[in-house]
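From first to last, the protein sequence lines stand for chains R and H.
For reference, each letter of the first sequence is one residue, going 1 to 621 in full-length UniProt numbering.
For reference, each letter of the second sequence is one residue, going 1 to 621 in full-length UniProt numbering.
Hints are computed from structural coordinates only; laboratory data are not their basis.
Some hints here could point you the wrong way.
[To be verified] DMTMM-like, lysine to aspartate or glutamate: derived pairs with alpha carbons at most 20 angstroms apart: (1) Lys427/R x Asp169/H; (2) Lys570/R x Glu583/R; (3) Lys586/R x Glu291/H; (4) Lys586/H x Glu583/R.
Protein chains: 2
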Amino acid sequence: MNALTPAVSTGPLPASRKIHTPGILHPQIRVPMREIAVHPTAGEPPVTVYDPSGPYTDPTVETSIENGLARLRHEWVTARGDVEAYDGRHVQPEDNGFATGERLTPEFPIRNRPLRAKAGKAVTQLAYARAGIITPEMEFVAIRENLGRENLGRENLGREMLRGKLERDGEAFGAAIPDFVTAEFVREEVARGRAIIPANINHPESEPMIIGRNFLVKINANIGNSAVTSSMAEEVEKMVWAIRWGADTVMDLSTGRNIHNIREWIVRNAPVPIGTVPLYQALEKVNGIAEDLTWEVYRDTLIEQAEQGVDYFTIHAGVRLHYIPLTVDRVTGIVSRGGSIMAKWCLHHHRESFLYEHFAEICDICRAYDVSFSLGDGLRPGSIADANDAAQFAELETLGELTKIAWAKDCQVMIEGPGHVPMHKIKQNMDKQLAVCGEAPFYTLGPLTTDIAPGYDHITSGIGAAMIGWFGTAMLCYVTPKEHLGLPDRNDVKIGVITYKIAAHAADLAKGHPAAKIRDDALSRARFEFRWEDQFNLSLDPETARSFHDQTLPKEAHKVAHFCSMCGPKFCSMRISHDIRAEAQKEGMAAMAAKYREGGDLYVPTDESGAPLMPQVHAPS
Amino acid sequence: MNALTPAVSTGPLPASRKIHTPGILHPQIRVPMREIAVHPTAGEPPVTVYDPSGPYTDPTVETSIENGLARLRHEWVTARGDVEAYDGRHVQPEDNGFATGERLTPEFPIRNRPLRAKAGKAVTQLAYARAGIITPEMEFVAIRENLGRENLGRENLGREMLRGKLERDGEAFGAAIPDFVTAEFVREEVARGRAIIPANINHPESEPMIIGRNFLVKINANIGNSAVTSSMAEEVEKMVWAIRWGADTVMDLSTGRNIHNIREWIVRNAPVPIGTVPLYQALEKVNGIAEDLTWEVYRDTLIEQAEQGVDYFTIHAGVRLHYIPLTVDRVTGIVSRGGSIMAKWCLHHHRESFLYEHFAEICDICRAYDVSFSLGDGLRPGSIADANDAAQFAELETLGELTKIAWAKDCQVMIEGPGHVPMHKIKQNMDKQLAVCGEAPFYTLGPLTTDIAPGYDHITSGIGAAMIGWFGTAMLCYVTPKEHLGLPDRNDVKIGVITYKIAAHAADLAKGHPAAKIRDDALSRARFEFRWEDQFNLSLDPETARSFHDQTLPKEAHKVAHFCSMCGPKFCSMRISHDIRAEAQKEGMAAMAAKYREGGDLYVPTDESGAPLMPQVHAPS
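Isolated chain R, as found in the complex:
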């Protein structure tokens, strides 16, 4: 391993092992999950959690970024008989910003001929779903979404149900999450456009995942080099790092030189779908001059990226010429990079957007590789003042119109959403999106619920993300603490991912997802039973949890202490609760509690003779 092929973060998370569940319709698939062991004294099964981290956390797999990941989907794709390999587009100097010599990121060492649909074929998951075909990808995500519930065994599920803790008491606002996800359910959801499986046929390294309001809420992490900083090695590591902590997809938002080659390294090593904004690279190809963009340059970029295996494209085709004046009185104008570039182009040429005009042709490209659309919200609000304004909603209507065009071409579609929105205006975004986009999955950035906390916008936006996730957003695009201020480093990426895992999980809980609460309950039982190690291991970030505990109580013995480090033994409510429970058992109080619940009659303690012991209450007057 040399400087060009650096190590990335590998190894399992604490107390975790990778398990694989085979398919039934498609026995060749192996669906990965993470099993977190708990201490034997708990007498509980391990907790199975969703795991987007890929082979990097599997110690039985040796990874090397110069080899890339195993091409597990290649045979699934070719077996369908509707694709052909071809030579593909030649890499051009402008693809890498004319970088040469030392400044040129080396090409990824292995080159496979790209695949594309045979003439007239649609190779999208949507096309198969409509044809009634359950693909391996669909069965894969069905198994994945169940989090191993079907393997929990009757006795364990029964245990949960007896505790009354697996009831479905959420408020799902019209979502319909089934108790168990079947492959047929996945097919139906994809067929009606309510969910997408971003899975470019040229990204066989990816482990299929699904985005839709009737599935677990997903999160996206953005990475990307810029004109200023960062290298291929850093970007690959950022991707691996982001999925280690739970990112379900990664967007490569690189600008500057070497875009093509860096992206190739990322895609070849990514077990999650990769999204891009092709406009960024197209703009680099015309030296950053928006007015010089052409459909031809853009189209060429789409094909370039589709051949590489990009799974979804952000396309700002809703920024129409006549919407631009609606942004003129805004406090913060247009804050989407893609949106502002297209607005500038439209205005300069006084023409309708070439993305809008050529949308059907874009669909034809996406259809040939199964690149999903992420219809960009180029006019999203960049401040509380601009939320839910005419510009934003005009564009959303257009995105709804484009959704129907893409669906007619068998293309998978999700819709991007804001941005900056105060809490009381969040639900309107979701409701309008559902209404005008036919329930195509919503994919939102935050939203940030106030503008006054730069440096903490993972939090201002985590609030909005949790809420809009609850209301029905299918994927949440993370925001890091550096938002508005600088480029996120490795630690910022982690904080952003963990914050958004919190938001997504809080949303799953509130929607009443039947499996979401299992992890909360397991962690809470560990907390109550002073199983500190289990509490750390079951958390989203075991390293941080452990290090915070160490700061106050560093000794190993404290990890088995039967008190809380906050309060010390005398004031530990949980220790006292155990005493209470012990006394209660002596006195048969559980039965009394049940009686109290049933009858509404107050429980009256009695002395040995059975006479009421209720003390005289000094009636407060």
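With chain R's structure known, arrange chain H on it following the hints.
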């Protein structure tokens, strides 16, 4: 200054100065606010923000913690003619846990004789309000809540209104926040128990503030030494540090030795109300053995703390004997320290809680000093699984009953709330509290919206706090990143406070508070106009914002750069937006936008002759 009288954090925040507004009814009052200057190029007035930081951020005041703060309310209190000074209780060795010699925290150097109500008098703000008296405290908070709006001047307010940005478009769920807060409005809200002004007559150093759903949402920060760590100096600095970043009240949750003396240092130096849980000290007095608690020890502790000037007491009087069995089947039992102590006492003695039995006597004490009640939620849920259960809501009903008793005694009351609650169950907490507690202010801890992220519980709870604040909670008790894991340090306190300022402000925005959005808009304009310094200065944490920017673009020149450090100049949407705006001005597009808005007719660009320039749209098929 020696080791016993250490320095605390002082000095103004960046670009900020302390201003004081005098009263009209009470000309002697001087209401502090913080004015944040913006760059002259903005052509905007300074932004006035709420400022609980006291004299520590006022460079014209020299503070020294051994002198304590100026006793500004002393004359207001004595002028009412209904109090008397008396010798007060003697400090007992057990008040400080029998600490002696080196281990004894020194007494605060100055001792004033405590005040109490003359026989038969009620000296509470509630009593005055009911009698139709507008106290200086009431006028103080009225001015404070307006954030200087009345001084903005007609032209500036008009400017905001013209921009259409001061409209009140929130959803307040039944709250009725007036456009301008008058002293009479404050009196009415206090009189009907819908707001409290925690202001012990023995805490004349405090600057009055109000807690109620028709006012700005407030936040509380907890500090306190424990058996394990921390000294007087650390605790005073934590208090000063917490209010510097925006804490509106501070609770001293000390346990262990030296409780009395440390608290005296804190109160004498606190410009914000101080809350305590007297049960903690009472328990120390009986060597930590819950069963040994007595009404007499507890009563003595209440008087001790009331004489010191504690402004509100958490009293867990709702933990009744017959509710305890309801907690036996919980996942996490009883998680309130006070609640578990009382439960243990009740169960051991098989008696009703002495707090419940003696509640009327507790009211008599609070009435004589104007200590506000914070009726504790000893049975709050400690996990998602236990949220909104029978135990929690049974206690809440009792808190409603106790509220009415306290009101009958002219005592001010707020109600504590959970805890751990998934998003879909939060509103029920608020609605039930409003219904059963007669709109007495709600004061909640978070709630945490998931259990799976120890190390990030400021975020899991910040989500819930923002939501419940929106729904009507009047004060939010912060949670730091160390919750469940360890003792918060200085940095944790700051992160907790900033996170909760975000939650409270997001709630104010969503409720449609008429002045909340001024700061968001000012910061967003600064962002759009590349006034980086203003963006930092207007933020909740200027230091962090600036340091994050420095990490990517360290040079001073970058602070005036007309592009965003995230993207570099070519991809800066805001720079492009300015270009668009400039073009728009040339072309009179603002007028076109207005036309578009009015008529619904699409704006059709025309050539010089007036012929439509709308390009041929390749109708996507």
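Comparing the hints with the structure gives:
Between Lys427/R and Asp169/H, the direct Cα distance comes to roughly 14 angstroms. Compliance with the 20 angstroms bound is thereby established for this hinted pair. Taken as a hint, the Lys570/R and Glu583/R pair is honoured in the structure, with Cα atoms around 18 angstroms apart against an allowance of 20 angstroms. Annotation: proposed proximity of Lys586/R to Glu291/H holds, straight-line Cα distance about 18 angstroms (limit 20 angstroms). As the CA atoms of Lys586/H and Glu583/R are separated by approximately 81 angstroms, the hinted pair breaks the 20 angstroms bound.
When the structure is compared with the earlier hints, a violation turns up for hint 4 alone.
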